[in-house]
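A.B. asks: Given next are the chains, with one letter for each unit.
2 protein chains.
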Amino acid sequence: MIEPRKSPLLTDLYQLTMLQAYFAQGMNDIAVFEFFVRRLPRNRNFLMAAGLDQVLQFLENLRFTGDELDWVRNSGRFSRDFPDQLAKLRFTGDVHAMPEGTLFFADEPILRVTAPIAQAQLVESRIINLLHFQTLVASKAARAVLTAPGKLLVDFGMRRAHGAEAALFAARASYIAGFDGTSNVLAGADFGIPTFGTMAHSFIEAHDSEEHAFERFARAQPENVTLLIDTYDTEAAAHKVVQLAPRLKTAGITVKAVRIDSGDLALHAHNVRRILDAAGLKEIGIFSSGSLDEYALRNLLSQGAPIDGFGVGTSMATSADAPYLDCAYKLQEYAGRARRKRSEGKSTWPGRKQVYRAFDASGVMTGDVLTLETDLQPGEALIRPMMRNGKRVNQPETLEDSRRRAAEQLQRLPRHLRELEDAPPYPVSVAPALRELAVAVDRGVIQN
Amino acid sequence: MIEPRKSPLLTDLYQLTMLQAYFAQGMNDIAVFEFFVRRLPRNRNFLMAAGLDQVLQFLENLRFTGDELDWVRNSGRFSRDFPDQLAKLRFTGDVHAMPEGTLFFADEPILRVTAPIAQAQLVESRIINLLHFQTLVASKAARAVLTAPGKLLVDFGMRRAHGAEAALFAARASYIAGFDGTSNVLAGADFGIPTFGTMAHSFIEAHDSEEHAFERFARAQPENVTLLIDTYDTEAAAHKVVQLAPRLKTAGITVKAVRIDSGDLALHAHNVRRILDAAGLKEIGIFSSGSLDEYALRNLLSQGAPIDGFGVGTSMATSADAPYLDCAYKLQEYAGRARRKRSEGKSTWPGRKQVYRAFDASGVMTGDVLTLETDLQPGEALIRPMMRNGKRVNQPETLEDSRRRAAEQLQRLPRHLRELEDAPPYPVSVAPALRELAVAVDRGVIQN
Numbered sequence: 010m011i012e013p014r015k016s017p018l019l020t021d022l023y024q025l026t027m028l029q030a031y032f033a034q035g036m037n038d039i040a041v042f043e044f045f046v047r048r049l050p051r052n053r054n055f056l057m058a059a060g061l062d063q064v065l066q067f068l069e070n071l072r073f074t075g076d077e078l079d080w081v082r083n084s085g086r087f088s089r090d091f092p093d094q095l096a097k098l099r100f101t102g103d104v105h106a107m108p109e110g111t112l113f114f115a116d117e118p119i120l121r122v123t124a125p126i127a128q129a130q131l132v133e134s135r136i137i138n139l140l141h142f143q144t145l146v147a148s149k150a151a152r153a154v155l156t157a158p159g160k161l162l163v164d165f166g167m168r169r170a171h172g173a174e175a176a177l178f179a180a181r182a183s184y185i186a187g188f189d190g191t192s193n194v195l196a197g198a199d200f201g202i203p204t205f206g207t208m209a210h211s212f213i214e215a216h217d218s219e220e221h222a223f224e225r226f227a228r229a230q231p232e233n234v235t236l237l238i239d240t241y242d243t244e245a246a247a248h249k250v251v252q253l254a255p256r257l258k259t260a261g262i263t264v265k266a267v268r269i270d271s272g273d274l275a276l277h278a279h280n281v282r283r284i285l286d287a288a289g290l291k292e293i294g295i296f297s298s299g300s301l302d303e304y305a306l307r308n309l310l311s312q313g314a315p316i317d318g319f320g321v322g323t324s325m326a327t328s329a330d331a332p333y334l335d336c337a338y339k340l341q342e343y344a345g346r347a348r349r350k351r352s353e354g355k356s357t358w359p360g361r362k363q364v365y366r367a368f369d370a371s372g373v374m375t376g377d378v379l380t381l382e383t384d385l386q387p388g389e390a391l392i393r394p395m396m397r398n399g400k401r402v403n404q405p406e407t408l409e410d411s412r413r414r415a416a417e418q419l420q421r422l423p424r425h426l427r428e429l430e431d432a433p434p435y436p437v438s439v440a441p442a443l444r445e446l447a448v449a450v451d452r453g454v455i456q457n
Numbered sequence: 010m011i012e013p014r015k016s017p018l019l020t021d022l023y024q025l026t027m028l029q030a031y032f033a034q035g036m037n038d039i040a041v042f043e044f045f046v047r048r049l050p051r052n053r054n055f056l057m058a059a060g061l062d063q064v065l066q067f068l069e070n071l072r073f074t075g076d077e078l079d080w081v082r083n084s085g086r087f088s089r090d091f092p093d094q095l096a097k098l099r100f101t102g103d104v105h106a107m108p109e110g111t112l113f114f115a116d117e118p119i120l121r122v123t124a125p126i127a128q129a130q131l132v133e134s135r136i137i138n139l140l141h142f143q144t145l146v147a148s149k150a151a152r153a154v155l156t157a158p159g160k161l162l163v164d165f166g167m168r169r170a171h172g173a174e175a176a177l178f179a180a181r182a183s184y185i186a187g188f189d190g191t192s193n194v195l196a197g198a199d200f201g202i203p204t205f206g207t208m209a210h211s212f213i214e215a216h217d218s219e220e221h222a223f224e225r226f227a228r229a230q231p232e233n234v235t236l237l238i239d240t241y242d243t244e245a246a247a248h249k250v251v252q253l254a255p256r257l258k259t260a261g262i263t264v265k266a267v268r269i270d271s272g273d274l275a276l277h278a279h280n281v282r283r284i285l286d287a288a289g290l291k292e293i294g295i296f297s298s299g300s301l302d303e304y305a306l307r308n309l310l311s312q313g314a315p316i317d318g319f320g321v322g323t324s325m326a327t328s329a330d331a332p333y334l335d336c337a338y339k340l341q342e343y344a345g346r347a348r349r350k351r352s353e354g355k356s357t358w359p360g361r362k363q364v365y366r367a368f369d370a371s372g373v374m375t376g377d378v379l380t381l382e383t384d385l386q387p388g389e390a391l392i393r394p395m396m397r398n399g400k401r402v403n404q405p406e407t408l409e410d411s412r413r414r415a416a417e418q419l420q421r422l423p424r425h426l427r428e429l430e431d432a433p434p435y436p437v438s439v440a441p442a443l444r445e446l447a448v449a450v451d452r453g454v455i456q457n
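In order, the protein sequences belong to chains A and B. Counting in our numbering, the first sequence runs from 10 upward without gaps. Counting in our numbering, the second sequence runs from 10 upward without gaps.
Bound conformation, chain A alone (with noise of 0.2 Å):
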């Protein structure tokens, strides 16, 4: 319904000036770029790839039209002929990615455009934009994952997400990784991811009494009562929970759960599930809420805070705790030839390059190869076709197979790596064949 932002002219200025200089010059020859992740932040053992279908959908959709067109000749800043040349601009490059939900490490890319140079160039920027915060996302939302097995699982974080774009790629981003949904109502109606919600605690507050909020609150919206309880004093609101209850039953309608959303939760969770399990209302849940990222959910568990799902909010919406990754778009070849860039401490691997995995008997990962992509490893190939000429090799891939995808990568990670904390890396090598043509690139091919 609403689409996710396609103007080509959200990128880089650079980009447009480059485009410039390219077509002045006639240099159409096919270039190859491959996005990375450089090193992983602090408290990362692992990354998750995603956000490979906004990408693919804004490359099926690339073209400037009126208004941008316009901006471009009454900028001042071109040629004449340069929006008459951008307005036949389409991209007609193949794609080749690990699928959304694949684990991956540094050094390893997760796309590689193979297209004419300008095309490759141009899309620089917002193919970062789309893959980095995607992954930035799903590579902690897994974390939470990994610590609450078993756990209802929500994303909380539209409102402090930086924008729009960002709580609805949040929101489908931590769902692939597995979370079970979202507070956010448009990524339910965009992405069909399932929505949970309650109340606010302005909602107790506009009444006079909390008894009578939680009562009109349960008769207005009988099917999913989840009743908020920490406004005032949050044990005094279960037992009024516990007052209600029978009162609802009688009209047919069941209390599913109650919300705490501050204080010292486990504390609370304790008393409270104590206070209903009294009163025989075994059935109702607790669902916290209130700053919690995967660190707040392994301190609860590990408390055993009678806990049963987790709004889980800002920290894992703007991934607070490591904000960006360092991740690039790099040329690796162009006409042919293999490139790399040596800029001191920022230096590539160049060529087209392929990334094989190993499992030990048990399907556990075992380590990694980065190589060329012509240089055939044992393992499992982690970078496949998607687009061909500009078109999709496949149909797009559901939300929920990208999400089952994740699940098995989770499964399959080696235990060490899910600590919260920093582990020893995951090994990932590079094969001879692409030491080689790094040193042969270095050698010979530029010259100072």
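Bear in mind the hints are in silico, worked out from the structure with no lab data behind them. Be aware that one or more of the hints could be misleading.
Each pair may be met inside one copy or between any two copies, as identical chains are not told apart.
Stated by the list, open to error - Straight-line alpha carbon distances no greater than 30 Å define the calculated DSS-like cross-link-like pairs of lysine-lysine that follow:
(1) Lys-355 / Lys-249
(2) Lys-160 / Lys-355
(3) Lys-265 / Lys-355
(4) Lys-160 / Lys-249
(5) Lys-265 / Lys-249
(6) Lys-291 / Lys-249
Chain A is already provided as a structure; the job is to place chain B on it using the hints.
C.D. replies: What follows is chain B alone, placed relative to chain A:
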């Protein structure tokens, strides 16, 4: 041209479930909600309000249309008449706010919504989403502006901003805070922000020699020649610029600047400056980028690095050292009676509030008073009427006006609050009238 997302489904599901309960109960008295930040993050001595114009646009355009109503109808969650009630919903309330670019502190509301409760409640999630992010970025960007006076500062954050809207709004918020422009073309087209751009390493690498790449770029883009010199060897590239510049001069092309994006930026800038100066090319500026933030700027400038401008990207667009604010949009009054949440660690000041600011003889801010709207105090009242009965009170403010205000406000900031690390806090006192109201609310209005 390309509008910000305005779907009312970009909200938390609980807003809709509460709305249905309000409709069912016929609760439509006037509610007053205020947006404020509970506490400042570490290393923030002030915040700068931004995002108001997007909030006002959102409220002006609030309506549920066909697809959105269909989703509500088909979700199976709501009563049969709820979609019809939503179809009629418009925002008819009042908004008071601090204008964009205003500096503010913890507990000071920067926006107040006064409207029938369903309207005021529904808009909570998106109002927070809009104000939170731009305020976050403006507050971060202002620190770079204070740290590097007289230097050209350009937003380079698009690629790692959290999605499309974050990229646009980061450009907007940083421009308000005093940045000179952005690399983001769409932000230029949408908001009229000056755009800046040079070339990428891939442009150099796609050519067989660096000299050749420089010359071709300059001839294709003669108006605005900034050459990226760190792809292979920064100082060697500077010597190539020295060779090239006179040749271009004879063709009427001036090299404006060189860009250094990696390595020890201060060291390279010193070396490059020396190379350029020795060749009499004093007019060629040095522009620097690569993992910069206000701390790195301070460090470079304290070393006397001869750098004329900075591209500041990821760290600002994600506010990396403080990627979210502890902010809230809370009910302060309903049906003429003040309200207050008392959840542990999250209690709020009730009622409709105003902030008064005092200044010393030289115009420097000396302290704020937080009080009730009806409790007149000396000083400048910071919260002003912005919207009445759903219509703006004034024409939308230009971005230049907001930017000018921000600059004035930063000039009036006490010196010690300009520090990048935590300083003794700016004095904000709570007036007796407000304290008395809080006590009264606790004592009587709400029955537990």
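A.B. asks: Take the hints in turn and mark each one as holding or not.
C.D. replies: Checked hints:
no., hint, result
1, Lys-355 / Lys-249, "between (61 Å within a copy, 22 Å between copies)"
2, Lys-160 / Lys-355, "between (41 Å within a copy, 26 Å between copies)"
3, Lys-265 / Lys-355, "between (53 Å within a copy, 26 Å between copies)"
4, Lys-160 / Lys-249, "within (26 Å within a copy, 61 Å between copies)"
5, Lys-265 / Lys-249, "within (15 Å within a copy, 72 Å between copies)"
6, Lys-291 / Lys-249, "within (16 Å within a copy, 77 Å between copies)"
Hint violations for this structure: none, all hints satisfied.
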